[in-house]
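Top line first, the protein sequences correspond to chains A, B, C and D.
Each number in our numbering corresponds to the 1-based position in the first sequence with 49 added.
Each number in our numbering corresponds to the 1-based position in the second sequence with 49 added.
Each number in our numbering corresponds to the 1-based position in the third sequence with 49 added.
Each number in our numbering corresponds to the 1-based position in the fourth sequence with 49 added.
There's no promise every hint is true.
Said to hold, decoys possible - Within a straight-line C-alpha distance of at most 20 Å, the following computed SDA-like cross-link-like pairs (lysine to any residue) qualify: (1) Lys232/C - Glu184/C; (2) Lys319/A - Asp312/B; (3) Lys210/B - Val177/B; (4) Lys378/D - Glu244/A.
Don't read these hints as lab results, they were simulated from the structure.
4 protein chains.
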Amino acid sequence: MEGKLKIAVIGGGSSYTPELIEGILNRKDELPVSELWLVDVEEGKEKLRIITELAQRMAARSGVEIKIAATLDRREAIRNADYVITQFRVGFLKAREKDELIPLNYNVIGQETTGPGGFAKAMRTIPVILEICREIEELAPDAWLINFTNPSGIITEAVKKHSKVRVLGLCNIPVGMLKDIAKLLSVSSGRVTAEFVGLNHMNYIREVYLDGISIMDALLEQYGEESLREKIEAISDIVWDLDFMKSLRMIPSPYHRYFYRTDTMLEEEKESLESGGSRAMKVQEIERELFRLYADVNLAEKPKLLEERGGAYYSEAAISLISAVYNNKNENHVVNVRNEGTISNLPFDAVIEANCIVGRSGAKPLNLGMADVRIAGLLNAVKAYEQLTIEAAVSGDYHKALMALSANPLIHEFSDAKAILDEFLTAHRPYLDYVRKRE
Amino acid sequence: MEGKLKIAVIGGGSSYTPELIEGILNRKDELPVSELWLVDVEEGKEKLRIITELAQRMAARSGVEIKIAATLDRREAIRNADYVITQFRVGFLKAREKDELIPLNYNVIGQETTGPGGFAKAMRTIPVILEICREIEELAPDAWLINFTNPSGIITEAVKKHSKVRVLGLCNIPVGMLKDIAKLLSVSSGRVTAEFVGLNHMNYIREVYLDGISIMDALLEQYGEESLREKIEAISDIVWDLDFMKSLRMIPSPYHRYFYRTDTMLEEEKESLESGGSRAMKVQEIERELFRLYADVNLAEKPKLLEERGGAYYSEAAISLISAVYNNKNENHVVNVRNEGTISNLPFDAVIEANCIVGRSGAKPLNLGMADVRIAGLLNAVKAYEQLTIEAAVSGDYHKALMALSANPLIHEFSDAKAILDEFLTAHRPYLDYVRKRE
Amino acid sequence: MEGKLKIAVIGGGSSYTPELIEGILNRKDELPVSELWLVDVEEGKEKLRIITELAQRMAARSGVEIKIAATLDRREAIRNADYVITQFRVGFLKAREKDELIPLNYNVIGQETTGPGGFAKAMRTIPVILEICREIEELAPDAWLINFTNPSGIITEAVKKHSKVRVLGLCNIPVGMLKDIAKLLSVSSGRVTAEFVGLNHMNYIREVYLDGISIMDALLEQYGEESLREKIEAISDIVWDLDFMKSLRMIPSPYHRYFYRTDTMLEEEKESLESGGSRAMKVQEIERELFRLYADVNLAEKPKLLEERGGAYYSEAAISLISAVYNNKNENHVVNVRNEGTISNLPFDAVIEANCIVGRSGAKPLNLGMADVRIAGLLNAVKAYEQLTIEAAVSGDYHKALMALSANPLIHEFSDAKAILDEFLTAHRPYLDYVRKRE
Amino acid sequence: MEGKLKIAVIGGGSSYTPELIEGILNRKDELPVSELWLVDVEEGKEKLRIITELAQRMAARSGVEIKIAATLDRREAIRNADYVITQFRVGFLKAREKDELIPLNYNVIGQETTGPGGFAKAMRTIPVILEICREIEELAPDAWLINFTNPSGIITEAVKKHSKVRVLGLCNIPVGMLKDIAKLLSVSSGRVTAEFVGLNHMNYIREVYLDGISIMDALLEQYGEESLREKIEAISDIVWDLDFMKSLRMIPSPYHRYFYRTDTMLEEEKESLESGGSRAMKVQEIERELFRLYADVNLAEKPKLLEERGGAYYSEAAISLISAVYNNKNENHVVNVRNEGTISNLPFDAVIEANCIVGRSGAKPLNLGMADVRIAGLLNAVKAYEQLTIEAAVSGDYHKALMALSANPLIHEFSDAKAILDEFLTAHRPYLDYVRKRE
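Input sequences plus hints: build the corresponding full structure.
Structural data, given as structure tokens:
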């Protein structure tokens, strides 16, 4: 198998794919990919064609010999694959639009990953990912599943609990956080490392190192200075309150804003909706423009515009992770893996997001001890919501779904959970038809 | 010591005291109290006098020989006491009024036990209760501290962590829930027992038994029937949504309404405020009327009106607990005790509220295994908030206090936590002067 | 069902049965047993007949109306039973003889419960008890299984892990220890209670109470006094070294002598063998004499000689446990139950022996926190051996059996474990034929 | 500090020191040691002089500029050190002789690390290492303590629990096991990695990898083949029974032989004693010869004979660990660190030996989940013994010492523990004078 890797990309027609192609082409010396299969569903056929042709032009220009195939037959793509990358979205961006808008009607943040929107997405995705796992178990039992589909933590835990597939759940946020800190310090990004503790999109940096030496206290001390805050604003889109940082004494992920600043974010979402649409709507616009560009037969590289789509460092995270596995690099990556006591006060069978040493035998988390009491409450609350969501998706039980949604900390009123769930079930037909009341 | 018990009541001038007196007099055959010391602070002197005289009249009428003494000297009251009951309120009901109103200005529920109001109360109370503990350690090291002061779970945990005093944290809610279920079933209350899992004011009944046989499934099945719902409405003031009950499959405590129905309760609090004042204001009115009655030299029994004050079964819970200890009854009581693995997925050193076997050597909890994932998230979130509050009170560190308050699940916006904290610190001078920013 | 209880006794032909009968007859007012089915295997037919006729004479003399039936058809006995008592011995006492003698050949203590002898017994018993459980699941799904068959902790854990049967594992040792302490103190046994922590035949009393007040320190202090030691010698057959007691600061069970005094006990076993046979041989002699007595048609009561058989308080423990369940007494009994965090530093899924509150819904252990480091090592070592034994019996895998036996702390040399296992497999044909090497 | 490292070696007069010197000289390019302080006690003065002069000759020949200083003033050596290496033996090899011989008188294996011998050594060492820690806290608070003094796991845990010193506990066994496997496979040692689970000298390899691919199953399959067994015999001095390996399915450390083959090892120790003395005696002979060689002014390199002393790879382990820290290599080393849930079923506060990623901020263990039930019993038993030993040494309480020693799985009779302890206390005067009976 050495020297002839087959990669299958489920959701290959995604606008992200060119970044992935670029990543593969850039690493051609260490990652001998001979076949790249892009697979999508009937509804995404046209996009898949455009992407595949662009990918082929990119490969041709870079002079790399690689078979790039498009197919609607998922089994064909998975058969004998070495790596299966999942980046699909059940129901496409149109579904995301509903995920975000329905909760807003109840003054609840939609949020397509950690919020009720992410709940709906998980409920649509889990049955499909488990179907894919059945196929991997049958057709490529030694393959690694690199999951990018959000909510990545929930999806990875569902796979871990309900299949035998070797899975690594990935997210681009930790890489982005490290790069932002490096920018802030004006140092090369390789010199900055950090200890992450938490869950996907719910991760905290509890220690940050420059050349291996902790700089957390120094960073917190400077956080109040105007000059630093201006710099942060320029780099990322969120500056936390100084007293908040002094209380927390950790660096929260950007997604924490929905939990620590719920009212503000709700207002922003509502304003954003009034002034031209939700994030999903904007993204759809960008997508349309992207595919217009992709279709241009003269284009043979990833266009600049893709960066506005979000998901920066996605290619880097995915391909460097695959390379770490393939080349047995034993490198430090932040990956979603089974907890098994890594964080002692989160459930043993939970999937967490942690610094792992990644090599040919997979990702092994560095032990983290206890999550500090400052964050243990929220982490446990979110993880309980996630586990309830998986139970709901696997059982198809309406009341389990209701329990899950109402356990999400962004929902403060049970009747909202019920109304939102009922609207989701109607709006996301037929994907959620399997959810039923049991007698 | 047998046959000559001394009980000290800190906050003896409370309007609840007559119920306590009644309880002691009713149990005179099994509980040989020879001295009852009522102690209060200078500001509560007049009330203390009224209560003490009423208590003496009650004792006289019932023909029980007991010395009932009033004092402002806490040390004198504690010296050689066998039981110390704490039911004081630092800052009196006037403070509670602020506890409830300040958060409301930020659209946050006040709630004087589980909410931000309870946080302020805990911050005022912990330094005082630890002072009392120092005195008990010195003057009555074998005494049992029966704590009723709210938030009882937090206060009890503070005592457990920061003193050597033997403490039992008590609450009247579990007794009340059991009595309500018995009423609902039209059976005598002794036939109904239940398995409680959770925290003070955050407790769930996960199994309920009639004569030792589980009736939870039957109860849930009937929950949807109109007739049962009418009965529930008549007995308690809260009827949960049928789908909520089918999702949760446990009986929540009345205080859970603030968490599962936050928006509704916020609206109620606001309306209540507009239409005649907060709960604290109403209670103050009742109190004034109560003390008018108490002062009547012809009154020698607990007046009916006291029942409207809240805190039903208070006397029963406290005195029957003391009797269980004194008489080594090994009875089942729901008490706040150190977790030590009773609920495996809550912190080992947390105080929880659980069914305990109570005898001369104290309260030993019946093991509960894991808290179900349906409730584990909220319980951990609330417990983390509680532990952060204790850390804040013991250290006096402003940023710890800020972290604690913002970790309370009823607060959804960090800036609200900061504003509310800052208002508390100002409004509750001098009680909270010890909270300072550390450099 | 009330008022008409059916009890099935598997191994009804045991010499212990008269004690059980006596217990049932003595409790006739609180335990309305209408049918008692004694079941045994073909090989025990004659003994079963003798016991049944004696039991009928005992019932007749006491004037209690109860159907006492003998059968070789286990299914008939189990059908609709309310309680199933298991007290059988696969292979009879002849097998016990081998259990004890084979290890002795290798200078290893046999010990039929905690030692290699108990391993062989468990390997013979687990397949049978699980067969019985299948029948209970089918024919009497609501029945309680009261297990007395040794090694009781292992058997109960096997049932808990591999069936749905409601089981309570029982042992007469804790009752005996409490009675001995009461004798030592010259007080009535009801006044002495204790906190047991550990496993079946591996239990320590870490607190002992007289009328609810701890007397452990006082006991330890007097332990060195000659007068007390003489008294202990008269009551029980073991006096521990004073320094041992000062080191341990707990009261060990009599079976601990095999672990803390291995060499001494080995010598004793060897001497005993030379001077007239192993314990099993002696017991067989007593048994022969007992059955000679039982067969006497003039005997209508439990003969005095039975007390020499061992197993004192057996009847009391079993029948009072059944009565606690039936009458929902919520009494404190020491029972083998699933750990579930009761002892935090033993496996969550282990069966432990602990103080439980026993009522109609079963036995709920009082939480114990951590087992002290003084005993945590040995307890974990023995529990690991027990769990390996269950795995071996359920899988029938030779190497798992070998791992289990060599993990028993009484075996100090792997080659001994292998030789003993191989001899067991040959000697206990056909009972252990199911143990095979897997390729 | 960069580029000018000061290393202090406590027990610098040890015969091992030349290996350490060699290691430092070999790594001169990556480890800029400018000062090496060898410190020893008065009694070891002459050896210290010999070693120091040899070290200076070695440095001179290799052309490395480094100050090599000898001192009896430990404080001077520690002051401003960057790394403190402890390799001392309280009481010298003469004490080891007693450690090994006294238990043998009671038919108990001495064993100077995991056995009763190691207990005596720990009791002598802990007070001294904690004294050294006090000095490091005062004089070199940022220094890393690299502990080699055996029993390394116990000593490291004592330091972790009772000082603030940054400590890494080291052992040469894991490196040796990996090198042996590489030899067996005839591959370069860099290609073999392994997952260790356990304690110092009580470690198991549960997964072994060649180029990152697990080869455990393949190894176990071949274990029965004669050719492989011959090869193993040639490489290491222990070949395990094939059935043992098939039962355990892990690779035990050489020290496990004392636990799985106790009788055999006891016989070996006794025979060895009769035929020319204990291991300690032999080592003393080698030592005398070594120092004769070291004193030769023409010698300027590590002599071949040192390899027979034991402790192979010692230099490699120590210096490569220091280099990993200094150069922030984030390399995988097997180090003794605080558990903190790395192995979920060992105590949270225990020191374990695990694969760690080592860089400038220390050693972070890779999470290990649960220790399999096959090894969990023995590991817990040994760890309990270790923790009791630390308690005994810190308290100086005779009965705690007695409890500790009798909890060692190599002792099977309490009276032996007492006799051995009493002999130790007499033989090791004045080092163990601090152990007293408390009243």
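To see whether the hints hold, each was checked on the structure:
Distance check on the hinted pair: Lys232/C and Glu184/C sit about 43 Å apart at the alpha-carbon level, beyond 20 Å; violated. Simply put, Lys319/A and Asp312/B have alpha-carbon atoms about 18 Å apart, close enough for the 20 Å limit, and the pair holds. Between Lys210/B and Val177/B, the direct Cα distance comes to roughly 15 Å. Compliance with the 20 Å bound is thereby established for this hinted pair. Pair hint Lys378/D plus Glu244/A holds up; C-alpha atoms about 16 Å apart against a cutoff of 20 Å.
Comparing the model with each numbered hint stated earlier shows that hint 1 is the single one that does not hold.
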